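J.: Position chain B against the provided structure of chain A, taking the given hints into account.
Here the protein sequences come in this chain order: A and B. Quick note on this note's numbering: the first sequence kicks off at 1 and runs consecutively. Quick note on this note's numbering: the second sequence kicks off at 1 and runs consecutively.
One or more hints might be untrue.
Note that the list lumps identical chains together, so a pair holds whenever it fits in one copy or between two copies.
Claimed, not checked - In silico SDA-like pairs for lysine to any residue, Cα to Cα no more than 20 Å straight-line:
1. K244 to A260
2. K61 to E32
3. K61 to A138
4. K244 to T255
5. K61 to Q83
6. K244 to R208
7. K244 to L267
8. K244 to Q262
9. K38 to Y130
For the record, the hints were derived by calculation from the structure and aren't laboratory data. None of the values given here were measured: they were computed from a predicted structure.
Number of protein chains: 2
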Amino acid sequence: MAVIYNRVALIGLGLIASSMAHALRAGGFAGEIVGYAKTAETRATALEIGLCDRVFDTAAKAVQGADLVVLAVPIGAMGALAQEIAPHLAVGATVTDVGSVKQAVIDAVAPHIPTGVHFIPGHPMAGTEYSGPRSGFATLFQNRWWLLTPLPETDAAALARFRGLLESIGAKVDTMDAPHHDLVVAVVSHTPHLIAYTMVGVADDLRRVSNSEVIQYSAAGFRDFTRIAASDPTMWRDVFLTNKDATLDILGRFTEELFALQRAIRLGDGDHLHAYFTRTRAIRRGIIEAGQDTAAPDFGRTPKT
Amino acid sequence: MAVIYNRVALIGLGLIASSMAHALRAGGFAGEIVGYAKTAETRATALEIGLCDRVFDTAAKAVQGADLVVLAVPIGAMGALAQEIAPHLAVGATVTDVGSVKQAVIDAVAPHIPTGVHFIPGHPMAGTEYSGPRSGFATLFQNRWWLLTPLPETDAAALARFRGLLESIGAKVDTMDAPHHDLVVAVVSHTPHLIAYTMVGVADDLRRVSNSEVIQYSAAGFRDFTRIAASDPTMWRDVFLTNKDATLDILGRFTEELFALQRAIRLGDGDHLHAYFTRTRAIRRGIIEAGQDTAAPDFGRTPKT
Chain A
1 MAVIYNRVAL IGLGLIASSM AHALRAGGFA GEIVGYAKTA ETRATALEIG LCDRVFDTAA
61 KAVQGADLVV LAVPIGAMGA LAQEIAPHLA VGATVTDVGS VKQAVIDAVA PHIPTGVHFI
121 PGHPMAGTEY SGPRSGFATL FQNRWWLLTP LPETDAAALA RFRGLLESIG AKVDTMDAPH
181 HDLVVAVVSH TPHLIAYTMV GVADDLRRVS NSEVIQYSAA GFRDFTRIAA SDPTMWRDVF
241 LTNKDATLDI LGRFTEELFA LQRAIRLGDG DHLHAYFTRT RAIRRGIIEA GQDTAAPDFG
301 RTPKT
Chain B
1 MAVIYNRVAL IGLGLIASSM AHALRAGGFA GEIVGYAKTA ETRATALEIG LCDRVFDTAA
61 KAVQGADLVV LAVPIGAMGA LAQEIAPHLA VGATVTDVGS VKQAVIDAVA PHIPTGVHFI
121 PGHPMAGTEY SGPRSGFATL FQNRWWLLTP LPETDAAALA RFRGLLESIG AKVDTMDAPH
181 HDLVVAVVSH TPHLIAYTMV GVADDLRRVS NSEVIQYSAA GFRDFTRIAA SDPTMWRDVF
241 LTNKDATLDI LGRFTEELFA LQRAIRLGDG DHLHAYFTRT RAIRRGIIEA GQDTAAPDFG
301 RTPKT
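With the rest of the complex left out, here is chain A (with noise of 0.2 Å):
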C-alpha cells in the first residue's frame, strides 16, 4: 500500500469513477479523492457515501493542484471539459480519460492539453448495467482489461506510473493504437450493445406477445440483452456517434451473416445452422480458458431459495 499519486481529480462521478475512488481508497493508492460532478445531488451523495474527500463545482477547481486527472464524463462532453480544465492543469499532472472510444476523444482532448502535461487515453472495459455514484465497487476492475492507446509523444515515465497504478487496482494493462482499439470494440462491444439494444426494442414493440410475458419469460438469451440494453444511454448515444465508421463496418458483416442465417432457416438447411452452431462454441471455451468468464454451471448466479 503506498500512495502512486497525491491528488486524484475525478471529473465525472459514475460508474467507473466512483469505481476508481473505491478502489483506490481500499488500497490506499491516492493520497486525496477530489472530485466534480455537474450536479450537487451527485457531488452531495459523493461526499456522504465517501467518495471524494473534497468536491468542487467546477472542474476548472477540482483540477487543480491534482497530478491525476481522470476525465469520465459521456465522450460528447470531452472537449469542450478539456477546454475548461486546460488552464488549471498543474504542470507534470497525467489527464487520463476513460472514453469507450479513443480517436474521437483523442481528437477532441489533445489539442486542449498543455505542454508538460501528460495526456493518456485510456478505457476501462469493465461495467455494469447501473450508473451513478452509488453504482461504483472497489473491484469492478478486478481481472479486466484497461486498454491505453498512449500517442507517439507520451511520455514513458508518467505511462509506467499510470500503469502501475491501474495494475495495483487489479485491471490488467495493454496498450494498442487509437484506430485499432476502435475497431475492437466495436466488434467485442459496441455492434454487440448496438444489438441488444434493438432486440429489447423489437420485443417491447411486439402487440401480440404482451410486455408482462416479454418479462415474465424472459430466459438466458434475452434476459442477457436486456442487462447490456440497461446500460447509460448518453453513454452509448456518444459511443455509437464517435465511433461511426466501425460499428457501421462491423454492422454490415453482421447483416449480411445474419441474412445468411436467416435463409438457412427458411429454407430449412439444417446443416449450415449446425456447422455455424459449432464453430460458435469453441469461441466461448476460448474465452473461458483467457479467464474473462466464469464457466460455473449456473454462470455465478446464485440460485433464488
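T.: Same frame as chain A, but now just chain B:
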C-alpha cells in the same frame, strides 16, 4: 417429501434430464429413476454419478412400467422416439417432453400416443450453455418458468399431478396454447440466440481483429453473446427448423429496427439513439422486478481475486 411418480423414465440424459434427476432425487419425488441414452458412454456416466437407478439401451425398454416418461431429446428426434415407445407405454402414464418448440413436438408426438396415456407437452425455460449428463444440477429449475401447452383433451387430474411435480422441484408453471408459446419464445429466446450466434460468428471471421483479441477483450456484451452462442448446436438447429415461421417473423422486425438505428448512426441522429436506449432500459427494470434476474451490481459474478 413425498413420492409423486413411482417410476420416472428419462429418455435422453442431457442438461435438462440430468438436472431433473438431481432435483427429483434431492426431493424424493420419484420412487425410481430409470433412463435411456443413445450412447453407452452416457449410460455408463448416468449410473456412475447416480443420475439413474437403472439404465436401458433402448427407449422402449426404459419406458416400461413408468408412470412418468420425459422425452428429453432434440426436437427433430421426438417423432421417431414417440413411435418407438408407443407400444410400451403403461396405461395411465403421463408422457411429457422438454422441447423449446411446442407445435412441432405436438405434431410429431401426439399421433403416436395411445388411448389412456396422457401427453402433456412442456418447456422448461432454464438452461446453461453446457450439455451432457454431467451438466445437470438440482437447482436449475428454481424460480424458472416451466410452460405447459396441454391439448384440449388433456386429462385435468394428470395435468394437476404433473404440475405438482414441477412446482415441487422449484419451477413456476404456466399454461398457454402451443402457437402462442412458439411466438413468445421466438421473441424472448430463439431470435436472441440466433443473433448472438451471428455476432460471435462475425467476430470469428474478421481478419483485421485477431481471434485472440476477440477472446481477450470480450467484455460485457460480447461475453454474454458467446455464452449464448455456446449452447448445444443440435438442439438449436432443431429449434430454428421447427419454429421457422415465428423466428423469421421476429427476425424481419429485428432487421427493420436495426436498419433504423443504423441509419440514425450514419446520419448522426443522437436524439433517435438516446430515445431508443432510454426506452429499452425500462424493460430491464421490469425483468428484475419480476425476479427473473439478479440486480446485484456485479451480476452475481464472484469477483476473481
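J.: Indicate, hint by hint, whether the structure satisfies it.
T.: These are the hints, each one checked on the structure:
| no. | hint | result |
| --- | --- | --- |
| 1 | K244 to A260 | between (24 Å within a copy, 14 Å between copies) |
| 2 | K61 to E32 | within (15 Å within a copy, 74 Å between copies) |
| 3 | K61 to A138 | neither (26 Å within a copy, 57 Å between copies) |
| 4 | K244 to T255 | both (16 Å within a copy, 19 Å between copies) |
| 5 | K61 to Q83 | within (13 Å within a copy, 79 Å between copies) |
| 6 | K244 to R208 | between (34 Å within a copy, 17 Å between copies) |
| 7 | K244 to L267 | between (34 Å within a copy, 10 Å between copies) |
| 8 | K244 to Q262 | between (26 Å within a copy, 9 Å between copies) |
| 9 | K38 to Y130 | within (18 Å within a copy, 46 Å between copies) |
The structure shown violates just one earlier hint, number 3.
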